[in-house]
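Undergrad: Protein chains in written order, with the working numbering: chain A, 1 to 441; chain B, 1001 to 1337; chain C, 2001 to 2303.
Keep in mind that the hints were calculated from the coordinates and are not lab data.
Careful, some of the hints might be misleading.
If you want the footprint, here are the derived chain C segments under chain B, 3+ residues with CB under 8 Å [said to hold, decoys possible]: (1) 2066 to 2079; (2) 2216 to 2226.
Just the calculated beta-carbon pair ranges, DEER-fashion [stated by the list, open to error]: (3) C/K2159 with A/G261: 35 to 43 Å; (4) B/I1318 with C/R2127: 28 to 36 Å; (5) B/K1089 with A/K150: 19 to 27 Å; (6) B/I1324 with C/R2129: 46 to 54 Å; (7) C/D2083 with A/P74: 48 to 56 Å; (8) B/I1329 with C/R2127: 40 to 48 Å.
Beta carbons are placed, not taken as given, at the ideal position from N, Cα and C, and that holds for glycine.
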Amino acid sequence: MRAARRGSARRVVVMAAIASLGAGLLAGCADDGNDEDSSSSGDSSGKTTITLGLFGTMGFKEAGLYDEYEKLNPDINIEENVTERNENYYPALVNHLTTNSGLQDVQAIEVGNIAEVVATQADKFEDMSKAAGVQKGNWLDWKWQQATTKDGATIGLGTDIGPMAICYRKDLFEKAGLPTDRDEVSKMWAGDWNKFIEAGEKYKKGAGKDTYFMDSPGGLINAILSSEKEKFYDASGKVIYKTNPAVKDAFDLTAEAAEKGLVQSQTQFQPAWDQTISNSLFATVACPPWMLGTIKAKSQPESAGKWDVAQAPKSGNWGGTFLGVPKGGKHVKEAQKLITWLTAPEQQAKLFSKMGSFPSAPAAYKLPQVTGGKNDMTGDAPIGELFAKAAEQIPTQVIGPKDQIVQQGLTDNGVILVTQGKSAKDAWNNAVKTIDNNLEK
Amino acid sequence: MTTRHDTAASPVKGGAAPGRPPGGNTSAEADHKRRAKLSRRWQRDMRWSPYAFVSPFFLLFLAFGLFPLIYTGWASLHTVELTAPTDMKWTGFDNYTRIFDDEFFWNAAKNTLWIGIISTVPQLLMAMGLAHILNYKLRGSTFYRVVMLAPYATSIAAASLVFVLLFGRDYGMINWALDLVGLDKIDWQNGSWASKFAVSTIVIWRWTGYNALIYLAAMQAIPQDLYESAALDGASRWRQFIHVTLPSLRPTILFTVVVSTIGASQVFGEPLLFDANKGASGGSQHQFQTLGLYLYEQGWVNQHLGRASAIAWAMFLILIVIGIINAVISRRLRASS
Amino acid sequence: MTTTMTKPPADAAPEPSRRGRRRSKAARAGGTLHAGPIAYIILALFTIGSLFPLVWSAIAASRDNQRLAQTPPPFWFGGNLFDKLEIAWKDANLGEAFLNTTIVAGISSLTIVFLSTIAGFAFAKLRFRGRNALMLIVIGTMMVPPQLSIIPLYQLVAKLDWSDQLQAVILPSLVNAFGVFFMRQYLLQALPDEVIEAARVDGASSWRVVWHVVFPAARPAMAVLGMLMFVQSWNDFLWPFLVLTQNGSPTVQVALAGLGRGYTPDQSLIMAGALLGTLPLLLVFAIFGKQIVGGIMQGAVKG
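One chain only, chain A, in its complex shape:
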């Protein structure tokens, strides 16, 4: 047939395609084989490779802790597998845990997920309270309890926490006629979030329309809720966010701040919010130590040294992580040893000085890396001491598996609407509808 003869060139192309397909398949299989060998049971030098599954905020490698551990333990090799966003990391982790496959030797768990992991996946993790060298007394008690089941099994060791203070702009406060000394500022609103709003009104009178008192409604409601002993769940594990007066009060107070124009109409961590940092458009932000890192990364150089850190009206915690060892990992013993070392006070202090992650082990607060902690944005302020003070006042809060969903609903489907002109009541209803729908199984 004629097409056949004419098509010899074409045939070559097709043949080449098929050939490369076959070659690719072979290559693919060969490649897989190699990978499995190298990652599972150590490389040719006989070292054991421990793998860590982490999400964005850790920084052990950057702080040089792996190198140090590998030097101390020459037969150990450490590899990490990092996902920048916990929104991607956590659902994958859940899938891996429920199927008991694809797990790393160590898995990180964010504080927003820890209650759910404790409630639903505890049997997949080693009980770290029984591991050699682990001393419960090293950690803040509430941090230890967050990762402990009702039966007393501790599925993860705490790394960092986020003791919350209020970071404020000294120059803007001065212009608005507010005190600038951190002790005076702390005293101005000590013990009561209402006083914080009052200070905001004073600020607004003095500063006029160019800047806002606070960065966002989400930051404010989060700060208030973090300082409560109970927020969305009660101790028995029942969802009480709708009836808990503390939640409604926090919502109403934030709505009031929004109605009075004290908070920007922004959502934290969106590019537009970043731009308000860059343009120095607000005077305060609820501020765990890591927030100073965010401020530094988004600010103009001339803002350096203009910030200071005051105590929050009531102290609370925002952020933090745990490290756990899944039973399905390949090197359980070695992994336990590694995380015991990584979360010891000395290492936590090093992590603070290099990465700004605040220790969850109080013994670290006396170490020079913490007491001498400073940040470019806050000049000479002894931030290590200031945040340590906040850390010691953090209440033991009841946390629940779906805290994040409730919080997101109150913020992104709630108080933000007040800044867009909705009434507090409509915003609350919108938030409640969203949350209830999201919680319903």
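Since the structure of chain A is provided, determine the placement of chains B and C on it from the hints.
TA: Same frame as chain A, now just chains B and C:
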């Protein structure tokens, strides 16, 4: 659509037929002999080869496509969470009946419909126009073919950062331009229509080149003879486009319409990236939450596997109903004309 | 957008030259008519719109976080581009990721093209019992939202113990109804029945018809499908992220998922990684784009 190919293919047939030399008669007898000899093999070939050709797809489908389908169907009849996928509690059709009262589902359905219309129609029209232009002799045609798929190849990270900045309320470039010509700023993320329009813009941006490429490939297959005879009849370029290009493309147009409709029903990445830091609620009042995004929110964020499965099947059923209505209408239209 | 539709650039090339060119190169199907200036203007606008985010991600990669947060955001390149690209390359271990992704995307797109072409041919041109029902199943599988199916699919892959192996990404991706449907519709239009009949008369078996008639006729569509599937596979995130790890055999998107880590993600590093991840695709487009430049069809159709 399965019967339509006869009419659609006819112009091609007409075009190609003159091209075949009338020399087939002499070899016909020899062929006949050979065919008799091989007739049994021939018949077996004719009968079974179609199945051989389609079997790889269906075998793979049995291996990797069917289980998820059955699983989600089964899960949709249960209360089951992502945290314990094997721990199922039978609830019958509860997950389906509750959809009727689920205002978030219907809100998402409405949004999906509007975003689908705002994005698909201009997208396919533009794609057709672009393909038509690219079908001309052009300088640097390879370059344009690269450009066409660049949006589709751009990573979500890059695209989301760019579009969130472009559509920013306070400092966005689009509002800056609006301001420049004396118009009011628009709150692109929070406005009900503004946000749907913005999300549709991202959809159009990402998929126009994709569809244009599909049209272009189909245009390349239109035999030149058709244009030739149309030109001899004095048809203008526009009339050639209407009377030659479009009828020849009918199977492909049908394809893009079906695929875009299905794609529009599943739109998910664009609304997600338009509000990347706020989870999957599609705006503070769910103003641009699509069904695909709602499904993702229920399944991956809220971890309600059973509910999400029911939503997926409900979407599937809605598409089938749309398909049936479409088929009935087009049959009526054809019958009346 | 209506302007692109209504007016094919008016009479850019005079009739005679058009004919002459067609005669001299009969193999060119579409590229006979020259494009006019309006066509180039439209294409220029289209190019700007399409490339803007890509170019901007290069600009973003060349800046730092502070500058990106400023208003207005930067419109031109800063000095950090190559530093950031280098860091991103090393940090995400992109060399190995490129290799893996090339294997994954290459095998799946080639296989999809091959399987879709033969299946599409059968659905378009061959008669067999159950054809319409099977075709409806094919289209039906496209309607299943992929975001959800991957959860049970992962259970399957976990049972098979395929985690961190490339076939866990390749094999499920081969279930591709889009390709089958695409090829069917294309071949309905592009492959006249006469050509197949002629080959049959010559005594060709079905395989020979596929080899010598269908493949040549389908080449532009195969190139397009191959490109689309290659990109899709290359950029796929949710599923590879579930089955692969960065220290095992990551694809590019899995490798990039860890970039910019820290409480304050380094946006410019993320952008640098995104840019690096996209460049190979553009290269592939350039290569395959040529395959559909046109006219390859004519010889095949006339058989």
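Undergrad: Take the hints in turn and mark each one as holding or not.
TA: Results of checking the hints against the structure:
Counting residues of the segment 2066 to 2079 of chain C whose C-beta sits closer than 8 Å to any C-beta of chain B gives 3, which meets the bar of three, so the coverage hint holds. With 5 residues bearing a CB less than 8 Å from a CB of chain B, the segment 2216 to 2226 of chain C meets the requirement of three and the coverage assertion stands. C/K2159 and A/G261 have their C-beta atoms about 58 Å apart, which leaves the hinted 35 to 43 Å range violated. In this structure the supplied range 28 to 36 Å holds for B/I1318 paired with C/R2127, their Cβ-Cβ distance being about 33 Å.
Between B/K1089 and A/K150 the C-beta distance comes to about 22 Å, which sits within the given range of 19 to 27 Å. With their beta carbons about 23 Å apart, B/I1324 and C/R2129 fall outside the hinted range of 46 to 54 Å. The hint said 48 to 56 Å for the Cβ distance between C/D2083 and A/P74, and at roughly 34 Å that hint is violated. For B/I1329 and C/R2127, the Cβ-Cβ distance of about 28 Å falls outside the hinted range of 40 to 48 Å, so the restraint is violated.
Checked against the numbered hints given earlier, the structure breaks hints 3, 6, 7 and 8 and satisfies all the rest.
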